[in-house]
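Trainee: Sequence:
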Amino acid sequence: MEEVKAFASHLREQDAATVIVDGAIIYSIPHSLLDKLWPRCPSFCERLMLEVDKNGSFHIQTRLNACEVFEIFLFWAAEKRLPCLDVPKDDITEGDISTADYGCNDIVDILADLWLFAQSFSIPKLQNEAMRKLLKIFSKMIVGPVTLMLFCRLHDESQLKTVLLLEVAHHLCCDSYVSEDMDAFAKLDGFLSSFAGLVRGDGMFDPKKTSPSGQFINGGDDGAFMVPEE
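Its first residue numbered 1, the sequence shown is counted upward by one per residue in our numbering.
Some clues are possibly wrong.
Said to hold, decoys possible - As a list, the in silico SDA-like pairs of lysine to any residue whose alpha-carbon atoms are at most 25 Å apart: (1) K54 to P42; (2) K5 to F121; (3) K208 to S194; (4) K187 to D156; (5) K125 to G220; (6) K133 to E229; (7) K5 to R40; (8) K36 to E229; (9) K36 to G56; (10) K54 to S28; (11) K140 to C174; (12) K187 to L150; (13) K54 to I29; (14) K136 to G214; (15) K36 to V227; (16) K209 to A196; (17) K80 to Q159; (18) K36 to F58; (19) K125 to I29; (20) K80 to H31; (21) K54 to C67; (22) K133 to E3; (23) K136 to V227; (24) K208 to D221; (25) K133 to A224; (26) K36 to E230; (27) K140 to L82; (28) K209 to Y177; (29) K80 to S120; (30) K54 to V21; (31) K125 to Q159; (32) K140 to G214; (33) K36 to P228; (34) K133 to F216; (35) K133 to D221; (36) K161 to R81; (37) K136 to D221.
Claimed, not checked - Here are the in silico distance ranges between beta carbons for each label pair: (38) K5 to A196: 35 to 45 Å; (39) D202 to E229: 21 to 31 Å; (40) S179 to V52: 45 to 55 Å.
Simulated from the structure, these hints should not be mistaken for lab results.
Beta carbons are placed, not taken as given, at the ideal position from N, Cα and C, and that holds for glycine.
Given the sequences, and given the hints that come with them, work out the whole structure.
Mentor: So this is what it looks like as structure tokens:
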């Protein structure tokens, strides 16, 4: 994340279009960066310029109240790649799989929020790059109940929801969770019926046998977890 912070530090010194993230952090987007943003995310730029012309600034709210989401987006648009993002070694249990149940500044939550950010501004390429990072990370960590609660809305039939539910279902079938996590999942509205449906075969594959991250790591078709790119 150091390269993102170094990149973003310059965005509070230059005067151009002003973006206020989560009502607190102010970014000044220079014209040189706007020129890079337009071809990669025109919907965002159109909204930005409309709001700046109308209100003097563009206010953005993230799911996590985490400025890292917006900074990673800008880095991606400018550098044409995501920064190096991986699971900290301290979060991986030797011989086991740790639970990805995070606070607001941890990498899975940030990537999931980045996916939603890209969805809201019609940036499918960024959605897919964030999803591939998530699938790679889920090969090392499992999704905890707090993360599922944050990003899995019942009426949102998105690729993100599908991946999260299938990852959880697979690891429940594999007895990867402690009893406290299983109790927390059971309390999530609608989760038990969704889980039962997946186990019955309502999903794209059998969670007793594999998971989205397993498919991805083993070179399987990941197209069902991606969004169409123009």
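Trainee: Please go over all the hints and tell whether each is borne out by the structure.
Mentor: To see whether the hints hold, each was checked on the structure:
Distance hint between K54 and P42 is fulfilled; the C-alpha atoms sit about 18 Å from each other, no more than 25 Å. For a cut-off of 25 Å, the pair hint linking K5 to F121 stands: about 23 Å separates their Cα positions. This hinted pair checks out: K208 and S194 have alpha carbons roughly 14 Å apart, not beyond 25 Å. Restraint check for K187 and D156: satisfied, since their Cα atoms lie roughly 19 Å apart, inside the 25 Å limit.
Restraint check for K125 and G220: satisfied, since their Cα atoms lie roughly 20 Å apart, inside the 25 Å limit. Proximity of K133 to E229 is assessed by CA-CA distance (about 17 Å); at most 25 Å being required, the pair is judged to hold. Distance restraint check for K5 and R40: the Cα-Cα separation of roughly 21 Å lies within the 25 Å cut-off, and the hinted pair is therefore satisfied. Between K36 and E229 the CA atoms are separated by roughly 19 Å; this keeps the pair inside 25 Å, and the hint holds.
Note on K36 and G56: the hinted pairing holds, with a Cα-Cα distance of about 21 Å set against a maximum of 25 Å. Proposed proximity of K54 and S28 is supported: the alpha carbons are some 17 Å apart, at most 25 Å. In summary, the hint linking K140 to C174 is supported, as the alpha carbons are separated by about 15 Å, within the 25 Å threshold. The hinted pair formed by K187 and L150 meets the criterion: a straight-line CA distance of about 14 Å does not exceed 25 Å.
Distance hint between K54 and I29 is fulfilled; the C-alpha atoms sit about 17 Å from each other, no more than 25 Å. Only pairs whose Cα atoms come within 25 Å are accepted, and K136 paired with G214 is accepted, the gap being roughly 9 Å. For the hint pairing K36 with V227, the CA-to-CA distance comes to about 22 Å; that is within 25 Å, so the pair holds. Taken as a hint, the K209 and A196 pair is honoured in the structure, with Cα atoms around 15 Å apart against an allowance of 25 Å.
Between K80 and Q159 the CA atoms are separated by roughly 23 Å; this keeps the pair inside 25 Å, and the hint holds. Restraint check for K36 and F58: the C-alpha separation of about 18 Å stays at or below 25 Å, so the hint holds. Taken as a hint, the K125 and I29 pair is honoured in the structure, with Cα atoms around 21 Å apart against an allowance of 25 Å. Proposed proximity of K80 and H31 is supported: the alpha carbons are some 17 Å apart, at most 25 Å.
Of the pairs offered as hints, the one joining K54 and C67 holds, with about 24 Å between alpha carbons and a cut-off of 25 Å not exceeded. Between K133 and E3, the direct Cα distance comes to roughly 17 Å. Compliance with the 25 Å bound is thereby established for this hinted pair. A C-alpha spacing of about 17 Å is found between K136 and V227, which places the hinted pair at or below 25 Å, so the restraint holds. Our distance criterion of 25 Å between C-alpha atoms is met by K208 and D221, whose separation comes to about 18 Å.
Restraint check for K133 and A224: the C-alpha separation of about 15 Å stays at or below 25 Å, so the hint holds. Distance check on the hinted pair: K36 and E230 sit about 18 Å apart at the alpha-carbon level, within 25 Å; holds. Distance hint between K140 and L82 is fulfilled; the C-alpha atoms sit about 19 Å from each other, no more than 25 Å. Using a Cα cut-off of 25 Å, the hinted pair K209 and Y177 holds, with the two alpha carbons roughly 16 Å apart.
Proximity of K80 to S120 is assessed by CA-CA distance (about 19 Å); at most 25 Å being required, the pair is judged to hold. Between K54 and V21, the direct Cα distance comes to roughly 17 Å. Compliance with the 25 Å bound is thereby established for this hinted pair. For the hint linking K125 to Q159, the alpha-carbon distance of about 14 Å falls within 25 Å, and the restraint holds. A distance of roughly 10 Å separates the Cα atoms of K140 and G214; the hinted pair therefore holds under the 25 Å criterion.
Our distance criterion of 25 Å between C-alpha atoms is met by K36 and P228, whose separation comes to about 22 Å. A C-alpha spacing of about 10 Å is found between K133 and F216, which places the hinted pair at or below 25 Å, so the restraint holds. This hinted pair checks out: K133 and D221 have alpha carbons roughly 15 Å apart, not beyond 25 Å. Restraint check for K161 and R81: the C-alpha separation of about 24 Å stays at or below 25 Å, so the hint holds.
This hinted pair checks out: K136 and D221 have alpha carbons roughly 14 Å apart, not beyond 25 Å. With their beta carbons about 44 Å apart, K5 and A196 fall inside the hinted range of 35 to 45 Å. For the pair D202 and E229, the beta carbons lie near 27 Å from each other, so the given range of 21 to 31 Å is met. Against the hinted window of 45 to 55 Å, the Cβ-Cβ separation of S179 and V52 comes to about 51 Å, which satisfies the hint.
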